[in-house]
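Trainee: Chains as they are written, first to last, in my numbering: chain A, 2 to 170; chain B, 4 to 169.
In short, the hints are calculated from the structure, not lab data. Don't take every hint at face value.
Said to hold, decoys possible - Computed cross-link-like contacts, BS3-like style, restricted to lysine-lysine with a CA-CA straight-line distance of at most 30 Å:
hint, chain 1, residue 1, chain 2, residue 2
1, B, K139, A, K125
2, A, K167, B, K45
3, B, K139, B, K34
4, B, K58, B, K45
5, B, K139, A, K57
6, B, K147, A, K39
7, B, K147, A, K167
8, A, K39, A, K167
9, A, K167, A, K125
10, A, K70, A, K39
11, A, K167, A, K57
12, A, K39, B, K34
13, B, K45, B, K34
14, B, K58, A, K39
15, A, K123, B, K139
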Amino acid sequence: METVAARPWWFIVLIGRNPQRTLARVVILVLGCFLAWKYVAVPIRVEGISMLPTYKERDINVINRLAYKFRDPQRGDVVAIRMAGEHLMLLKRIVGLPGETVAFRRGRLLINGQVVPEPYVKFKCYWNIPPQHLGPGEYYVVGDNRSMPEADHTKGIADRSRIVGKALL
Amino acid sequence: MMRWFYRSLLLALVIAGAIWLWQALFPSPEKVIRRRLVEVAKLASYGPNEAPFAKLSNTQQLLAHFANSVEINIEVPGRSLHRVTGTEELRQALMTVRSQITSMAVEFLDIGVRLAPDATSAAVATTVRARIAGEKDAIIQEMKFSFSRGEGDWLINRIETVNTLR
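The shape of chain A in the complex, shown without the other chains (with noise of 0.2 Å):
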């Protein structure tokens, strides 16, 4: 008659009874997860205060890849864009589709000349842009901070190719 040692408690606890099966486990999930956050939700940390008071300095969001697989990006949806890779990302809203015209007057945003409510923006704001055409494959993208003078806050027209995916939180 064959006899197996009994294996100590700890062992169950931490590796279960069969350590074959666990390593299995472990090995689908860190896969599962390395591609998950690769390629369909990556994780991001809002690094300064453009998008304030929607995303605060150091938040955690989730970028969905997919959100734009099948569908064109809408007005009002936070989107990251690219620079030269996805390490650093610009976190904005799109506030202009292609085809518009897209200008600020006193601090209002004006789409084809007429005046767009933004709720989402609850700082005032004064700013004076020119109105400026979006051609195809284009958005017009800015941070929710409009505190900020004009000239300090990063937006602008965004090739359609540089948008990685939609805010998930």
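Dock chain B against chain A, hints included.
Mentor: The following block gives chain B in isolation, referenced to the frame of chain A:
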């Protein structure tokens, strides 16, 4: 059976070692350029207590990575525009920066190297992150570097800012 397994394993290790050694001795131009940028970032960064001699020496070492006819155009929206031509002008600009800014930490992120078909020049896209003493937010800017191969060495002959948003 086990003998064959160990022999195959040993052979695989020898091949991997040979490849590693070959790449270490004869690195690809892309690897050389990446390494060069890491050195440039290291030399462009300095602490608050950099001694005057170290200041001169690091600036001199940094200049060694640039071609004599280097052209630098830095245009950050909302900030001033800087144009530098030639290593002498660059030396003065670097010394001015080092004397006016207490400390700076420069990083090149997302480095993408595109080698020309004749392998004598290369375009590098990168995002620069510079942390400056006394400033809460880091300066983040997309940039393009042009390298050329002169006298067997890769030197920077042009730097320009890229506007992520227009």
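Trainee: Could you run down the list of hints and mark each one as holding or not?
Mentor: How the hints compare with the structure:
Restraint check for K139 of chain B and K125 of chain A: the C-alpha separation of about 23 Å stays at or below 30 Å, so the hint holds. The suggested pairing of K167 of chain A with K45 of chain B is violated, with an alpha-carbon distance near 35 Å, which exceeds 30 Å. This hinted pair does not check out: K139 of chain B and K34 of chain B have alpha carbons roughly 33 Å apart, beyond 30 Å. Only pairs whose Cα atoms come within 30 Å are accepted, and K58 of chain B paired with K45 of chain B is accepted, the gap being roughly 13 Å.
Taking the CA atoms of K139 of chain B and K57 of chain A, the gap is about 14 Å. The hint holds against a cut of 30 Å. For the hint pairing K147 of chain B with K39 of chain A, the CA-to-CA distance comes to about 25 Å; that is within 30 Å, so the pair holds. At most 30 Å may separate the alpha-carbon atoms for a hinted pair to count; K147 of chain B and K167 of chain A meet this at roughly 27 Å. Among the hinted pairs, K39 of chain A with K167 of chain A is consistent with the structure: their alpha-carbon atoms are about 14 Å apart, no more than 30 Å.
At most 30 Å may separate the alpha-carbon atoms for a hinted pair to count; K167 of chain A and K125 of chain A meet this at roughly 26 Å. Distance restraint check for K70 of chain A and K39 of chain A: the Cα-Cα separation of roughly 15 Å lies within the 30 Å cut-off, and the hinted pair is therefore satisfied. The hinted pair formed by K167 of chain A and K57 of chain A meets the criterion: a straight-line CA distance of about 17 Å does not exceed 30 Å. Restraint check: the Cα-Cα separation between K39 of chain A and K34 of chain B comes to about 24 Å, which is no more than 30 Å; the hinted pair holds.
Under the criterion of a C-alpha separation no larger than 30 Å, the hint pairing K45 of chain B with K34 of chain B is consistent with the structure, at around 17 Å. At most 30 Å may separate the alpha-carbon atoms for a hinted pair to count; K58 of chain B and K39 of chain A exceed this at roughly 41 Å. Between K123 of chain A and K139 of chain B, the direct Cα distance comes to roughly 23 Å. Compliance with the 30 Å bound is thereby established for this hinted pair.
Violated hints, listed in ascending order, are 2, 3 and 14; each of the other numbered hints is respected by the structure.
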